[in-house]
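> If you want the building blocks of each chain, they are given just below.
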Amino acid sequence: MTAWLQLTKQREFAAFVGLLVLIVGFSIASPDFFTTYNLMNIMRQASIIALLAIGMTFVIIAGGIDLSVGAIASISGTLAAQVMISSGGGVFVGVLTGLGVGIAVGFVNGLIISKFKVPPIIATLALMSVSQGLALAVTGGYPVSGLPDSFAWLGRGFVGAVPIPVIILLLMYIVAHIILNHTKFGAYVFGLGGNEEATRLAGLNVNKIKIWVYVVSGITAAVSGLILASRLGSGQPLAGQGMELNAIAAVVIGGASVAGGVGGVIGSLIGALIMSVLNNGLDLMNINSYYQMIFTGIILALAVASQSKKRKRGK
Amino acid sequence: MVRDQMLKMTGVTKKFPGVTALSNVNFQLGKGEVHALVGANGAGKSTLIKVLAGAHRPEEGTIELKGEEVYFENPSDAKKRGIGVIYQEFTLLPELDVAKNIFYASEPTYGAGLFVNWKRVYEDARKLIDKFGLNLDVTAKVSSLSTAAQQMVEIAKALSLNAEVLVMDEPTATLTVHEVERLFEIIKDLKSRGVSIIYISHRLEEILEICDKLTVLRSGTMVGGMDIKDATKDNIISMMIGNAMQKPEKPGYYVQDETALEIKGLSNENVTDIHLNVRKGEVIGLAGLVGAGRTELVRALFGADPIREGQIIVNGKSVTISSPRQAIQHRIGLLPESRKEQGLLMNLNVRRNTTFATLKKFSRGPFISKQREKHQVKDYITRLKIKTPDTEFMVVNLSGGNQQKIVLAKWLCNECNILILDEPTRGVDVPAKEEIFQEINNLVKSGKSIIFISSELDEILRVSDRIYTMYKGRITGELDRESVTMNTMMHLITGGDQH
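For the record, the sequence lines run as chains A and B. Each residue of the first sequence is one higher than the last, beginning at 31 in my numbering. Each residue of the second sequence is one higher than the last, beginning at 27 in my numbering.
Incorrect hints may have been included.
25 Å max Cα-Cα, derived DSS-like pairs, lysine-lysine [as the list claims (entries may be wrong)]:
(1) A:Lys214 <-> B:Lys387
(2) A:Lys214 <-> B:Lys404
(3) B:Lys343 <-> A:Lys238
(4) B:Lys404 <-> B:Lys471
(5) B:Lys217 <-> B:Lys290
Hints in this document: simulated from the structure, not taken from any laboratory.
With these hints in hand, go ahead and build the complete structure from the sequences.
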């Protein structure tokens, strides 16, 4: 009983209940919803946004925001594809290139924000534009297709009934959860977002922590971009466009505060799943995708409103 | 000279839970009079001003303006009746120009109140500034102005609402000597135009120079008032501190001969040519008024603010400290002035707040051992008598005293040799204060050194082995425990000479 009470006090609890309600509702509304195949499909659909949301969780807890993740996903996917095909570098080098690009863009984000004191929203907006532009310039605006089969496995493969992207997703979430909750770095991310001045006066190198946070976001965005390229069978320069906003929505629905200092990756995963379940369920009910956007917006506003209210009462 | 009466406050009593902030206070202000309100910290000056400004409602007492009894429900009532308050923290909008600031929220309009008459905003602002000789450019952006000029904008803003009573709360605390002269000219001019001024300051020589009358508050009661011509620094100070002041007993003396820290000729933006030294096992008190530069000095020492010149010597070695990180490497710790803004992580629990600066001690590689953290934090909870249900309780829900103990525990965890405590007792209840003093005693007993800042002079007297006084960014005196008196301290921190 007390364990149950403890659970209800968790920050993610509201989002979790929301997810359960949606699942139960759609299962009743459509016989095709609650099947292994469909549930795996939902997970796979959620995986791209959910991966972006990992890094975004770190950034938001640290009190920042990262608008460049969608563009990082695009440029990582296209450059990796470019290396694999035209430069003949092979799958391994291609994947490393994609990850390297993510790390590099994240590092530059962190550097501009910490050393040059540019507000995160502006710095990452600038890097979004630069990355997106680079992806288009390198490819001339065309998709880079003809990817090797061994790479296609990343986005389309299965182990048993479980899609590979879902396995990668879960592994990365476990690692991220451990980093955030059981390591010094994780503790400093919470400290930084909760009170930057106190963190500085505790003798910590605030700039270094910030840079690392954006590097983490760059890495998860790159992984997301690689899986996306693999699934699409080509490196498309606009593949990740606009996804940063969905990632932010997932993190915020999951209970993180955009003011910083509060949040967790489990909540963000639930947030990403809520959006995916909503889209999938409404699809099955033959509701036009235009309406899906409306529902997502309403849920986002409701989720944050309920959390703000709770936080106020908490004080 | 007998003046027409402007303001009369009679029998004002204001209680807060647990304390009576004001008890049956009477205060009278004549038209065109500059009246000083004097008292130590916590004497009730701010509360009295807040009652007058409509920010607090008193339990008892009346306020009369020009012979007519008034009630202020809120600050805007008081403003409408001509009470203007210029607080230490300005309320200006830095990105707007002078004229827009003066008429902010009271802009002249046309078209049934729909449109702002900008032409009149500038005309009226110019007229007002000329009338009172304020010498401001109405189109200058406020953020580009000096502190003194910003203060004039505040004054103009109050006057634009036809203020007849102007309250100035420590108006000279951040001004240069030249700016103070300028302010005094303006005060004299306002006075000749019939504006009455309540002047709050700790700087007695200024009060003797500019004011006509004086009222002294002590512990919420009015202890006396007089004409300035009858006042001297000595009689003002003895009224402020009363005669009951005994030097409190200090529980022990553990000062060693060895010097732990020496500062030579340290200067920066806020402090000038600071020399001081701290021995092992010694408690150094830094006494001074708000704005005297105590916090600025210790922040510079801790690497939180830049140093322009000077030398810091730790254990006989000259060291460079340009960040808190380096200060901590030299075993210096700082419990900051404002625990909420600078000390605590309000989003985290007791355990993590205590261990945050020293997580390395509780980690193997990158991983933190929660068990080791808990073990250590439980020790501190017992040692400092921190009242918290457990180590996982959120600090935001603790009382001020217990929050302060958590910040103290964080620094104890860091095992500093020199611990700076900046106002550790502010907003802390009496038992918690005693426990903090007890811990200071434990620390010096074990050979650590403490630099202790407090605005409460009796606390400084109680815990310090030696005291440095500060005034306007400089050290004005060094006093030994044996020879120090409340009176000499009060003189030195208010800009007087050592007696």
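> Holds or violated: are the alpha carbons of Lys217 of chain B and Lys290 of chain B at most 25 Å from each other?
Since the Cα atoms of Lys217 of chain B and Lys290 of chain B sit roughly 45 Å apart, the hinted pair is violated (cutoff 25 Å).
> Could you grab the alpha-carbon distance between Lys214 of chain A and Lys404 of chain B and see if it respects the 25 Å cut-off?
OK: Lys214 of chain A and Lys404 of chain B at ~20 Å, within 25 Å.
> Please work out if Lys214 of chain A and Lys387 of chain B have their alpha carbons no farther apart than 25 Å.
Distance of about 11 Å is within 25 Å: holds.
> CA of Lys404 of chain B to CA of Lys471 of chain B, is that 25 Å or under?
holds, 23 Å
> Hinted pair, alpha-carbon criterion (25 Å max): Lys343 of chain B, Lys238 of chain A. Please report holds or violated.
violated, 29 Å
Of the numbered hints given earlier, the model fails hints 3, 5; all others are met.
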